[in-house]
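Given these sequences and hints, build the entire structure.
Residues per chain are reported as follows:
2 protein chains.
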Amino acid sequence: MKRKEFRELVPVEEARRIINRLQIRPEKENSALENAYGKILAEDIVTEINVPPFSRATMDGYAVRAEDTYACSETEPVKLKLLGNIPAGSDVSFKVSAGEIVEIATGAPIPEGADAVVMVEYSSEENGTVLIFRPVAGGENVMKAGSDILKGGRVLRRGRKLGTREIGVLASIGKKEVPVLRLPVGIISTGNELVSPGGNLAPGKVYDANSYTLYTGVQECGAFSLLYGVVKDDETGIRKALETAVSECALILTSGSTSSGTGDVMYRIIDEVGETLAHGINIKPGKPVVIGIIKGVPIIGLPGNPSSALMIFNEFVAPFLRKALGAEAGVRRTETGILGTVLRSEGRQQLLPVGLVRGRVYPADRGSGAITSLSEADGFIEIPPETEYMEAGTAVEVTLFGEVEKPDLLIAGGFCPGLDVLEDLSGLRFRTLYTGSSGGFSAIAAGTADIAGVNMPSKRPENRRESLPGEIRYNAPTIENMGLSEVVLVKGYRREMGLLVQQDSPVSGLEALPGKRLINRNRGSGTRALLELKIEELAEKKGISKKEFTDSIPGYGSGAKSEVSVCEAVLSGKVDAGVGLRNCAERNGLKFVKFAEEEYDFLIRKEVLDVPEVRKFLKTLSSAEFASKLPAGLQVYERTGEIISY
Amino acid sequence: MKRKEFRELVPVEEARRIINRLQIRPEKENSALENAYGKILAEDIVTEINVPPFSRATMDGYAVRAEDTYACSETEPVKLKLLGNIPAGSDVSFKVSAGEIVEIATGAPIPEGADAVVMVEYSSEENGTVLIFRPVAGGENVMKAGSDILKGGRVLRRGRKLGTREIGVLASIGKKEVPVLRLPVGIISTGNELVSPGGNLAPGKVYDANSYTLYTGVQECGAFSLLYGVVKDDETGIRKALETAVSECALILTSGSTSSGTGDVMYRIIDEVGETLAHGINIKPGKPVVIGIIKGVPIIGLPGNPSSALMIFNEFVAPFLRKALGAEAGVRRTETGILGTVLRSEGRQQLLPVGLVRGRVYPADRGSGAITSLSEADGFIEIPPETEYMEAGTAVEVTLFGEVEKPDLLIAGGFCPGLDVLEDLSGLRFRTLYTGSSGGFSAIAAGTADIAGVNMPSKRPENRRESLPGEIRYNAPTIENMGLSEVVLVKGYRREMGLLVQQDSPVSGLEALPGKRLINRNRGSGTRALLELKIEELAEKKGISKKEFTDSIPGYGSGAKSEVSVCEAVLSGKVDAGVGLRNCAERNGLKFVKFAEEEYDFLIRKEVLDVPEVRKFLKTLSSAEFASKLPAGLQVYERTGEIISY
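Those protein sequence lines, which keep their order, are chains F and L. Numbering follows my numbering, in which position 446 of the first sequence is assigned residue number 446; successive positions increment by one, without gaps. Numbering follows my numbering, in which position 573 of the second sequence is assigned residue number 573; successive positions increment by one, without gaps.
None of these hints come from the bench; they were simulated from the model. Some hints here could point you the wrong way.
Copies of one chain are not kept apart here, so a pair can be met inside one copy or by any two copies together.
Stated by the list, open to error - Okay, derived cross-link-like pairs now, DSS-like style, lysine-lysine, Cα gap no bigger than 25 Å in a straight line:
#, residue 1, residue 2
1, K323, K28
2, K144, K287
3, K232, K144
4, K541, K406
Keep in mind that this is a model prediction, so the values were computed, not measured.
Okay, here's the thing in structure tokens:
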């Protein structure tokens with residue numbers, strides 16, 4: 001007997017219907033025009049004035065009856081009698097008859113009788129007479145009354161989100177205050193594991209991101225967020241938070257505490273003090289979603305995982321908020337992209353977080369973990385239930401996570417501080433996925449990255465004459481072994497690799513490692529592979545087996561995922577030595593014991609070699625400025641920028 | 001001798017160089033995370049923690065060694081010993097060995113030894129023993145430490161504009177405060193004709209829109225606006241405003257008072273108290289632009305016309321602001337569109353304001369006035385100096401005026417309150433250009449509108465048998481006369497047309513008009529054409545000429561541009577009668593004396609007949625709800641929705 005029955009998941013369309021039937025009523029308030037940006041208009045705006053309110057001159061010059069100028073020319077100017085001058089903002093009135101003219105400034109009202117303005121450049125004035133050297137047509141250099149906005153018309157519709165242009169239009173019809181909608185949405189994060197940003201991160205705790213992403217998401221819809229912070233996952237705490245929120249909000253969004261686990265109480269409380277309308281939507285990741293009403297106030301419980309919460313918010317809640325605000329269609333930010341890689345779905349309807357780089361869409365999923373990450377996703381795509389397979393090249397619509405600035409290049413592979421320098425100098429925006437070198441080769445093979453930074457060493461290639469036996473070669477042998485084609489390897493720069501030890505450590509080289517506690521890097525990292533080769537060389541020299549040597553080093557099998565973890569372990573004294581770059585040692589005040597100089601290169605798919613962003617990347621790599629700005633231990637050399645084609 | 005020499009205009013590229021050499025230094029300040037949205041990051045953000053900080057369960061269930069489950073199945077579950085329970089947020093530690101299992105909640109840390117989580121659905125617990133019915137793979141339902149963000153890496157680069165996702169990332173690494181840039185930009189509108197919104201609009205005055213559009217434009221760039229309001233166009237006022245702004249701002253933007261007219265003093269003051277770097281850029285509308293420095297603070301004077309000011313701001317100032325803030329590329333919002341109509345340029349480099357409707361680009365220019373309007377433009381395109389002609393269908397890049405919500409349909413023609421009903425019910429956004437019926441036919445012919453609302457009457461067509469002599473037909477004859485093809489006429493609804501008079505007026509019909517002061521509608525309006533036909537009928541009946549009749553009506557030749565102007569003239573007693581719709585009379589408390597029932601139809605280009613927005617428009621037109629919501633005097637009839645193809 002299984003402990004728990006599967007819940008009946010609500011179909012997607014049914015969930016939408018349930019949400020759309022929820023009643024929320026925004027309040028109306030007046031906003032000063034300068035604070036109205038991004039808010040939603042509460043009423044139709046009908047203008048009581050024309051814009052411009054009168055026909056006005058668009059140039060400095062002279063107001064005339066156009067017909068008086070028809071016969072004039074550069075050599076035979078017409079002579080007209082000057083009646084006076086109308087400065088901008090003046091209410092001086094003249095009546096211009098045949099043979100008469102009035103000096104006029106840009107923006108001033110055209111006097112009665114006149115129907116055009118001669119630019120000052122084509123005139124000459126003397127003793128009350130003006131000579132005109134060029135004819136004007138009727139209406140020339142005149143902006144007619146009401147030609148921008150005609151009075152009596154509806155200039156903006158209720159529900160319009162106020163942007164730059166709308167604010168300008170409201171100003172130009174004289175509105176100082178505008179009626180906007182106020183829809184207070186309460187945001188509660190629940191979970192015993194959550195700590196608010198700025199708090200102390202005890203073991204087992206994570207920072208609460210949902211409060212902040214939902215806060216901005218709600219604001220972007222034109223509603224008003226109220227943050228209630230983090231609430232513990234217990235009945236008392238949640239009940240109390242809900243009670244406050246119910247009294248202050250038109251809608252409540254919670255995240256976390258909605259799954260079927262033992263510690264999760266949100267849906268039980270809604271059931272007790274209100275009414276549950278749905279629990280679980282049949283779309284991945286909608287299973288934990290709960291929809292209910294407490295004392296007339298709708299409440300929607302979102303998943304705890306940040307990217308899942310944002311997806312469900314965008315898919316179900318944001319359209320509802322916009323509808324409640326009467327906001328017009330088109331606010332949801334979507335962009336069409338092309339799948340950069342094959343996608344397999346489980347044949348269940350799904351929202352899949354994706355990255356969007358130069359119109360290419362790739363799953364924002366490091367492959368290993370079951371849960372995808374907020375930092376890598378620009379938005380998500382919807383995969384229909386019947387789809388199990390989507391080919392690379394398929395056009396898909398991406399719903400963006402708010403107002404996203406999209407990256408220019410997607411770079412996988414091993415971490416290197418040189419990448420930050422490349423990013424800064426090129427002005428490009430990188431999306432970097434530090435997958436280790438092995439992961440970089442795979443990402444290029446799968447088409448999920450544009451560039452991979454790799455430092456994978458190999459020894460004694462068997463079928464190549466050009467390398468000496470025993471010589472370590474970088475990256476090229478891996479490309480050959482994997483049979484990669486349609487790629488190029490661009491030689492990068494050299495990096496000093498060594499042991500990282502405390503300043504007073506006696507460790508002076510690899511031969512001192514036996515008996516010392518080591519923190520190694522993770523499998524798949526080029527650094528680990530290089531250490532292994534160097535140890536193999538050393539063991540050979542010593543006449544012992546590699547295994548014998550490594551077995552004598554406690555922690556040799558460990559695998560830190562980042563250099564920072566390595567440094568921390570050394571600094572804390574938990575281990576006696578780590579492995580990493582000189583730069584890393586120096587930044588952390590550690591001693592660096594060099595054991596090799598390796599080559600860090602860039603593997604690039606041929607397909608993208610000519611896109612402007614990649615060209616810019618390569619240009620920066622070969623620049624003198626880049627060479628001069630590389631941190632200690634990294635150095636360009638004669639092969640930097642060399643391109644090897646496969 | 002001409003009064004004024006042409007100034008030497010600065011070439012565009014030289015102007016960019018001058019602006020880019022200006023020195024502005026943003027300040028650094030800390031912002032609470034919840035207020036950081038839209039601001040620019042002042043420093044690189046390097047994370048000191050992994051996200052998640054530990055490997056965590058992504059499902060409720062049991063943490064196991066995956067290999068312990070490999071052999072189990074639905075029918076032959078494996079039995080494992082339950083060690084305990086790890087709730088989310090707990091720091092309880094267990095060590096899981098072969099044959100052991102620990103209950104775990106979503107989000108809780110994976111205990112030592114375990115490498116996967118079995119979902120609770122595939123388990124059953126009894127007396128300290130757990131049965132597992134389905135194998136899991138290593139890593140399944142586990143999110144590894146650092147798999148979202150790896151510690152030590154730069155997660156966000158200095159200069160990043162903070163959006164939803166960035167705020168979420170900062171929260172998830174625990175930042176409560178973030179270092180952002182503060183760049184105060186002062187905004188001054190100058191001109192004697194300007195009144196701040198909310199003020200009284202005396203004759204000759206217009207409302208100041210530039211303060212507000214520039215305010216939002218500056219904010220959108222991530223800088224901070226300071227509004228100094230409207231300043232009179234005199235030395236003392238402008239000097240004083242500049243003095244204050246120089247002491248408070250890093251950059252000053254003014255608008256107006258920069259042309260060469262007699263009343264314009266801005267550039268003279270800059271020359272006196274500071275240094276003028278450029279006056280006039282050789283790009284339309286950049287002629288009035290002035291660039292200078294006062295006491296080390298750069299000042300840029302923009303044109304007074306709102307859409308010109310916005311274009312120059314977007315083209316020259318916004319890129320400079322973003323660069324000063326170190327903001328990364330790609331913030332400028334552009335969109336590619338297809339020219340919907342032929343464009344002729346004057347062969348001078350130009351920024352042309354355009355509308356953007358469903359990817360189609362058309363000039364936002366009503367043709368008549370020399371100056372284009374803010375309310376119709378979504379952005380602008382750049383026309384190179386050598387271009388004199390651009391074909392319809394050419395792809396162009398539109399720089400958007402800030403964050404624009406683009407219209408769904410572009411509708412030209414005669415005004416009708418029924419259009420507001422259609423817009424509300426369809427949920428579509430219309431861009432309406434009330435050009436009169438004639439203008440509507442032209443806009444469709446030129447391809448610059450999708451739909452035109454038209455009510456143009458004609459009588460006695462000569463070559464058509466189906467109409468009776470003397471019968472008035474609507475719109476179809478005009479289509480035939482203009483030789484329009486590739487269009488359809490969709491029959492709309494009937495409108496009661498009549499004279500609008502004061503409640504106590506003795507005027508009871510057209511025959512009472514002689515000797516009464518009339519306000520007529522403008523030429524090109526269907527209403528005027530209909531009145532003319534009806535008067536012709538009446539004159540014929542009376543045995544006099546039409547001219548004789550109309551000459552007897554003072555003001556017959558007048559031409560109000562809108563119904564509202566007509567109503568105002570009647571209400572004020574300036575005239576005795578006007579002409580318009582019943583609806584308009586009723587809304588303004590006037591008496592309505594009906595003289596005809598006309599047909600208001602929709603002329604649509606065939607090309608767009610099948611786009612979803614047009615289909616939705618037509619569906620709404622034929623709906624019962626539309627019929628029921630039409631205001632008094634407008635009525636659907638049996639032909640509503642009928643489509644006549646040409």
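Provide an ascending list of the numbers of those earlier hints which the structure does not satisfy. 4
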